[in-house]
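K.L.:
Sequence:
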Amino acid sequence: MDALSDLLKSIQLSAKIFACRAEAGPWNLQVLYRPQGIFHTVIQGQCYLRECSSDKVLQLQAGDSVAFPTGGTHWISDSPENLDLDATNVIKVNDDEGLMLLKTGAISISATDSGAWGNTSQQEAATAGDSPEDDQVTILLSGTLTYDSSINHPFLESLPCFIQTRPTTEGERQRHEALTNLMIEESSTLYPGQRLIVDHLAEVFFVQLLREHMRNAKHSNDYMTALSDPHIGVALNLIHKETDPKWTVESLAEASAMGRTAFTQKFVNMVGETPKSYLTNTRLMKAKAKLQNTNESMISIAQGAGYASEAAFGKAIKKHFNTTPGKLRKQS
Numbered sequence: 001m002d003a004l005s006d007l008l009k010s011i012q013l014s015a016k017i018f019a020c021r022a023e024a025g026p027w028n029l030q031v032l033y034r035p036q037g038i039f040h041t042v043i044q045g046q047c048y049l050r051e052c053s054s055d056k057v058l059q060l061q062a063g064d065s066v067a068f069p070t071g072g073t074h075w076i077s078d079s080p081e082n083l084d085l086d087a088t089n090v091i092k093v094n095d096d097e098g099l100m101l102l103k104t105g106a107i108s109i110s111a112t113d114s115g116a117w118g119n120t121s122q123q124e125a126a127t128a129g130d131s132p133e134d135d136q137v138t139i140l141l142s143g144t145l146t147y148d149s150s151i152n153h154p155f156l157e158s159l160p161c162f163i164q165t166r167p168t169t170e171g172e173r174q175r176h177e178a179l180t181n182l183m184i185e186e187s188s189t190l191y192p193g194q195r196l197i198v199d200h201l202a203e204v205f206f207v208q209l210l211r212e213h214m215r216n217a218k219h220s221n222d223y224m225t226a227l228s229d230p231h232i233g234v235a236l237n238l239i240h241k242e243t244d245p246k247w248t249v250e251s252l253a254e255a256s257a258m259g260r261t262a263f264t265q266k267f268v269n270m271v272g273e274t275p276k277s278y279l280t281n282t283r284l285m286k287a288k289a290k291l292q293n294t295n296e297s298m299i300s301i302a303q304g305a306g307y308a309s310e311a312a313f314g315k316a317i318k319k320h321f322n323t324t325p326g327k328l329r330k331q332s
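Note that our numbering has the sequence shown beginning at 1, numbered continuously upward.
Do not rely on the hints blindly, as some may be mistaken.
Listed next, with one range per pair, are the computed distances between beta-carbon atoms [unchecked claim]:
(1) ASP2 with GLU185: 23 to 33 Å
(2) GLU296 with SER251: 23 to 33 Å
(3) ALA87 with HIS320: 40 to 50 Å
(4) GLN194 with GLN61: 21 to 31 Å
(5) PRO35 with HIS320: 15 to 25 Å
(6) GLN46 with THR169: 15 to 25 Å
(7) THR324 with SER108: 47 to 57 Å
(8) CYS161 with VAL204: 17 to 27 Å
(9) GLU177 with SER14: 17 to 27 Å
(10) SER14 with LYS276: 50 to 60 Å
(11) SER5 with GLY171: 19 to 29 Å
With a Cα cut of at most 30 Å, we get these calculated BS3-like pairs of lysine-lysine [stated by the list, open to error]:
(12) LYS330 with LYS318
(13) LYS266 with LYS276
(14) LYS290 with LYS246
(15) LYS286 with LYS246
(16) LYS9 with LYS286
(17) LYS318 with LYS286
No lab work stands behind these hints: they were computed from the structure. No experiment lies behind these values; they were computed from the predicted model shown. Built from N, CA and C at the ideal position, the CB exists for glycine as well.
I would like the entire structure built from these sequences, with the hints used as guidance.
P.N.:
In structure tokens, the structure reads:
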């Protein structure tokens, strides 16, 4: 398993999708800060967006996507001047207590299992005629993200506050359309497992946004860039693929085609900690997951993390997670 896949599994990333349909203006949707992320993709029409930390107004058109991986208050409206409209109504979505939407104007929100998603179909929009009303409809697919933010990991620390993407190649456009069409098609049916499929597709969509961000952040020097670095990225993948403790700083440097000193320095610069520390932390993170999600014996998990005794393993868990292996097991 590559490093990004293993990390997303470790932080238990999940997503829930909903549709936002806005009729002719004026309208305004305000998304208040939530502790974790949210993303939007425009599938019909256009709109304008402003984040709370910036005065810059962005125009979004069909195919454009934005994400706030760590939360973030923002406004979306039919025109730049309407970004400042006062909100008059509160909308609840998916029974998510951490998400607060305020709106003004003709905006409707539909969860995937509400039965109202048929109105968001791109196919229906294309065949609905050219009436002025249809021309003024904007449809967004939006997703809320949930993950274990209590894990102290450089990946979470380097999550960007804001991502904006737009398909620039035919392949990117096809992938975007394929994913959004699948989400819309599944959400418009009543097939068994519909909600699970839609939410997993939303997770895939967000990972695609992360990939795009990583491709565009080539000149930065952080963990996101490290994941695709030709040297440090190799080491991170090897660490996260490890099935039993066998990697050392020396062997990782050799596998990364670098000398130990240069490798260690570059690793620290990009990841924020030494290779030895990252190895230990990753092994303990996997051990924590085993304690919570499997019936594997304590001594087996300890040895799998590189500890010869349960006592030494318990001290490491206590230092890293401020709890004991026994308490972690009881939380499962």
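K.L.:
Take the C-alpha atoms of LYS318 and LYS286, compute the straight-line distance between them, and say whether it is at most 30 Å.
P.N.:
Judged against 30 Å, a Cα distance of about 15 Å means the pair holds.
K.L.:
Against the range 17 to 27 Å, how does the distance between the Cβ atoms of GLU177 and SER14 compare: consistent or not?
P.N.:
holds, 24 Å
K.L.:
Is the distance from the Cβ of SER14 to the Cβ of LYS276 consistent with 50 to 60 Å?
P.N.:
violated, 32 Å
K.L.:
Please check whether THR324 and SER108 have a Cβ separation lying inside 47 to 57 Å.
P.N.:
Given about 49 Å between the Cβ atoms, the range holds.
K.L.:
Regarding PRO35 and HIS320, is the given constraint of 15 to 25 Å on their beta-carbon distance met?
P.N.:
Holds: the Cβ-Cβ distance is about 22 Å, inside 15 to 25 Å.
K.L.:
Is LYS290 close enough to LYS246, meaning Cα to Cα at most 30 Å?
P.N.:
holds, 19 Å
K.L.:
Just to be sure I understand the hint, the distance between the Cβ atoms of ALA87 and HIS320 should be within 40 to 50 Å; is that true here?
P.N.:
Holds: the Cβ-Cβ distance is about 43 Å, inside 40 to 50 Å.
K.L.:
Given the hint that LYS286 pairs with LYS246, test it: the Cα-Cα distance must not exceed 30 Å.
P.N.:
holds, 15 Å
K.L.:
Against the range 21 to 31 Å, how does the distance between the Cβ atoms of GLN194 and GLN61 compare: consistent or not?
P.N.:
Taking Cβ atoms as reference, GLN194 and GLN61 lie about 29 Å apart, which means the hint holds.
K.L.:
Could you tell me whether the CB distance from GLN46 to THR169 stays inside 15 to 25 Å?
P.N.:
holds, 22 Å
K.L.:
Would the pair LYS9 and LYS286 pass a check requiring their Cα atoms to be no farther apart than 30 Å?
P.N.:
holds, 10 Å
K.L.:
Starting from the range 23 to 33 Å, see whether the pair ASP2 and GLU185 falls in it by beta-carbon distance.
P.N.:
29 Å Cβ-Cβ, so the 23 to 33 Å window holds.
Taken one by one, the earlier hints fail for this structure only at number 10.
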